[in-house]
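Novice: Below are the chains, spelled out letter by letter.
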Amino acid sequence: AQSVTQPDIHITVSEGASLELRCNYSYGATPYLFWYVQSPGQGLQLLLKYFSGDTLVQGIKGFEAEFKRSQSSFNLRKPSVHWSDAAEYFCAVGGGNKLTFGTGTQLKVEL
Amino acid sequence: DAMVIQNPRYQVTQFGKPVTLSCSQTLNHNVMYWYQQKSSQAPKLLFHYYDKDFNNEADTPDNFQSRRPNTSFCFLDIRSPGLGDAAMYLCATSRGQGTIQPQHFGDGTRLSIL
Numbered sequence: 001a002q003s004v005t006q007p008d009i010h011i012t013v014s015e016g017a018s019l020e021l022r023c024n025y026s027y028g029a030t031p032y033l034f035w036y037v038q039s040p041g042q043g044l045q046l047l048l049k050y051f052s053g054d055t056l057v058q059g060i061k062g063f064e065a066e067f068k069r070s071q072s073s074f075n076l077r078k079p080s081v082h083w084s085d086a087a088e089y090f091c092a093v094g095g096g097n098k099l100t101f102g103t104g105t106q107l108k109v110e111l
Numbered sequence: 001d002a003m004v005i006q007n008p009r010y011q012v013t014q015f016g017k018p019v020t021l022s023c024s025q026t027l028n029h030n031v032m033y034w035y036q037q038k039s040s041q042a043p044k045l046l047f048h049y050y051d052k053d054f055n056n057e058a059d060t061p062d063n064f065q066s067r068r069p070n071t072s073f074c075f076l077d078i079r080s081p082g083l084g085d086a087a088m089y090l091c092a093t094s095r096g097q098g099t100i101q102p103q104h105f106g107d108g109t110r111l112s113i114l
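Line by line, the protein sequences are chains A and B.
Residue numbers for the first sequence follow the numbering used here, beginning at 1 and rising by one.
Residue numbers for the second sequence follow the numbering used here, beginning at 1 and rising by one.
Source of the hints: derived by calculation from the structure; they are not laboratory data.
Please read all numbers here as calculations on a predicted model, not as lab measurements.
Positions of the beta carbon are idealized from the N, C-alpha and C atoms, including for glycine.
Take these hints with a grain of salt, some might be off.
[Unchecked claim] Heads up, incomplete: computed chain A residues facing chain B, CB under 10 Å, no partners named: (1) Q6; (2) K68; (3) V81; (4) S84; (5) E88; (6) F90; (7) T103.
[As the list claims (entries may be wrong)] Counterexamples of contact, computed for chain B against chain A with all Cβ distances above 12 Å: (8) T13; (9) P61; (10) D62; (11) S80; (12) A86.
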């Protein structure tokens with residue numbers, strides 16, 4: 001069965017600092033990997049996705065993620081965080097017509 | 001803009017009183033999903049429609065039903081809501097079946113049970 005682990009429940013960074021959110025997945029075949037962001041009281045917005053090819057994926061809002069098969073990881077990064085990035089971030093793995101989400105990382109940005 | 005719209009944004013119902021949540025889409029996607037998301041948890045898939053084909057998750061309670069009268073609309077019916085059904089309900093769509101297609105989410109309906 002596919003699964004996703006996001007080991008950090010909460011992360012706090014200062015505005016302008018770099019950010020890395022961790023994601024580890026378990027899936028028997030080549031995974032389809034996604035990062036979504038959820039602002040309070042809203043639905044999920046797709047930040048980026050990985051299907052194949054270049055392991056460094058660029059997304060919206062200045063985010064990028066790197067797929068590392070050897071580590072079963074798909075970590076999300078941003079070089080300089082903005083206060084508006086404060087939200088909850090979900091990593092997800094797709095397989096068998098189904099998305100499985102991690103439990104999310106709540107990002108707080110200090111001004 | 002093409003989008004996924006959920007109504008209402010907030011719904012309050014009484015314990016045991018049936019409630020219906022609605023979702024509409026202008027994306028013309030053939031797959032529609034319903035997720036339940038409890039506080040500080042990941043979204044949990046309840047079921048999805050691929051065109052008119054209904055696909056129920058094995059652990060979705062019988063209390064939850066869904067209807068899709070046409071491509072644009074999908075409804076979530078909770079026949080006898082219990083206190084444990086209080087949650088955010090998210091509707092999503094995708095162009096085709098198979099998770100290579102990204103899902104597009106509505107803003108959700110937050111359901112409260114009195």
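Novice: Indicate, hint by hint, whether the structure satisfies it.
Specialist: Now the hints, each set against the structure:
1. Q6: holds, 9 Å
2. K68: Given a least distance of 20 Å, the restraint on K68 of chain A is violated.
3. V81: violated, 22 Å
4. S84: violated, 17 Å
5. E88: Given a least distance of 9 Å, the restraint on E88 of chain A holds.
6. F90: holds, 6 Å
7. T103: holds, 5 Å
8. T13: Given that every Cβ of chain A is farther than 12 Å from that of T13 of chain B, nearest at about 19 Å, it holds.
9. P61: holds, 18 Å
10. D62: The claim stands: D62 of chain B keeps its Cβ more than 12 Å from every Cβ of chain A (closest is about 20 Å).
11. S80: Consistent with the label, S80 of chain B stays out of reach of chain A, its closest Cβ about 26 Å off (over 12 Å).
12. A86: At about 15 Å from chain A, A86 of chain B clears the 12 Å cut-off, so the statement holds.
When the structure is compared with the earlier hints, violations turn up for hints 2, 3, 4 and for no others.
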